[in-house]
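What follows is each chain in one-letter form.
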Amino acid sequence: MKKSYRPILLLLFAAFEILIISCAPEACLEETESLVKASLYDNTTKRLRSPDSLTLYGLNHETVKLYDRSRGVQPVLFPLDLSSDNCTFVIKIDSVIDTITFRYTSKPRLVSKECGYTFYFNLTDTPFYTRNAIDRIYTANRKITTYNEENLRIFY
Amino acid sequence: MRRTCVFFISLLLFFHSVSARAQDTIEFPLKIRIGMDVAGPAISYYNRDRLSLEGVLSLDRNEKMAYVLEGGYLKFNYSQYNYDYRTEGVFMRAGVNFNLLKPETSTGKYWAGVGLRYGLSLFSTEVPFFRKENYWGTYNSSLPGRTSAGHFIEVSPGVRTELFKNLSIGWSVRLRLLISGGGGRDLRPIHFPGFGNSGKITNAGINYYIVWEIPFKTKKVIRIPETEEEEEEETPVEGLPGNEVPQNAFPY
Numbered sequence: 108m109k110k111s112y113r114p115i116l117l118l119l120f121a122a123f124e125i126l127i128i129s130c131a132p133e134a135c136l137e138e139t140e141s142l143v144k145a146s147l148y149d150n151t152t153k154r155l156r157s158p159d160s161l162t163l164y165g166l167n168h169e170t171v172k173l174y175d176r177s178r179g180v181q182p183v184l185f186p187l188d189l190s191s192d193n194c195t196f197v198i199k200i201d202s203v204i205d206t207i208t209f210r211y212t213s214k215p216r217l218v219s220k221e222c223g224y225t226f227y228f229n230l231t232d233t234p235f236y237t238r239n240a241i242d243r244i245y246t247a248n249r250k251i252t253t254y255n256e257e258n259l260r261i262f263y
Numbered sequence: 242m243r244r245t246c247v248f249f250i251s252l253l254l255f256f257h258s259v260s261a262r263a264q265d266t267i268e269f270p271l272k273i274r275i276g277m278d279v280a281g282p283a284i285s286y287y288n289r290d291r292l293s294l295e296g297v298l299s300l301d302r303n304e305k306m307a308y309v310l311e312g313g314y315l316k317f318n319y320s321q322y323n324y325d326y327r328t329e330g331v332f333m334r335a336g337v338n339f340n341l342l343k344p345e346t347s348t349g350k351y352w353a354g355v356g357l358r359y360g361l362s363l364f365s366t367e368v369p370f371f372r373k374e375n376y377w378g379t380y381n382s383s384l385p386g387r388t389s390a391g392h393f394i395e396v397s398p399g400v401r402t403e404l405f406k407n408l409s410i411g412w413s414v415r416l417r418l419l420i421s422g423g424g425g426r427d428l429r430p431i432h433f434p435g436f437g438n439s440g441k442i443t444n445a446g447i448n449y450y451i452v453w454e455i456p457f458k459t460k461k462v463i464r465i466p467e468t469e470e471e472e473e474e475e476t477p478v479e480g481l482p483g484n485e486v487p488q489n490a491f492p493y
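Protein chains in written order, with the numbering used here: chain A, 108 to 263; chain B, 242 to 493.
A few of these clues could be false.
Here are the simulated EDC-like pairs of lysine to aspartate or glutamate, each with C-alpha atoms no more than 16 angstroms apart in a straight line [what the hints assert, rightly or not]:
1. B:LYS461 - B:ASP265
2. A:LYS220 - B:ASP265
3. A:LYS214 - B:ASP265
Below, a sample of chain A positions facing chain B; criterion: calculated Cβ distance under 7 angstroms [what the hints assert, rightly or not]:
4. GLU138
5. ARG178
6. LEU217
7. GLY223
A few chain A residues that don't get close to chain B, going by computed Cβ distances all over 10 angstroms [to be verified]:
8. LEU173
9. SER191
10. THR212
11. THR225
12. THR231
No lab work stands behind these hints, which were simulated from the structure alone.
Fair warning: this is a prediction, and the values are worked out from it, not measured in the lab.
A virtual CB, placed ideally from N, CA and C, is assigned to each residue, including glycine.
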């Protein structure tokens, strides 16, 4: 075969290889759930501190707990109710019970062809909360996305 | 497997029929080409969720370059466990083809080279159903239909060979780079006409064309003779070790 054809053949085979690779099906590997990420801080030292025991569940969903007397939780992840514009959680920090209510708007977003769609949220208010164990909640970022970004700081 | 066979058959046809001719000037026919893609309808025959029709019009500028205009229509439905997706629309690609073959090899009958394109697509998308599950339960929703415009650029290496007089076949691989798929950051299309899977910024596809050619002008092209590489023959050199003939080799 003439030498002058070799670059053309190489180009064609390279393109054909790219075609075959691009046709291969892929799996869903991205994060698909938008969660409120809340870091827990010691109110005295103002430093990150995980409680000795943390329990979390949705109001009226006490049979299915998100955390059940868990140790070393940091950050706490709150999944928001997709069918509503608000939801309330019961949080038990070292056996002291509080409630936190979120109000938000939501909008759909494509994650990827493989994973499908999810929702991003925007907190419309500072969360409403009781002050038994919790002293203060600071909103660091109102946009609730699939990215690993801190949204709230809970001082207790 | 079928695509692979088509690829090698057209490649064999191409290289089998090519032969160099020794002359100083050659008559190179410039042509208008009208073609249609047969890969799209063939895939549509097996995949009822996809209807793809595509045509091409090209005009030779000279023996090395041709202007190309492609257009087509795509209707595509996609479903998986957590959503359904529909898109329908038209697209066009405009650009040039460069022939990497020498004129005396190409003779207007054979083409092997690369194309560059800008693509524009106008389409509507709809997500009739999607499902999301989390702690609070399962939530079903949908996204209403809307119209978008997508832009992309394309590099398309390929080959083409004359099968009968003024009738050619050829294929090209399409390597695409997305500029914009429309829909903003949140709801970019999953798939759109002319580009394909827009979930990724790059994509690849293949076209297999049947092309009708209309010669409209003949151009005289000066052939630059190629300096042939001289093959060195291994001839024995007298006086070198190993080539010496022993004195008693022929005793009689």
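- Message: So, against the hints stated earlier in the document, which numbers end up violated here?
- Response: Failing hints, ascending: 2, 3, 4, 5, 8, 9, 11.
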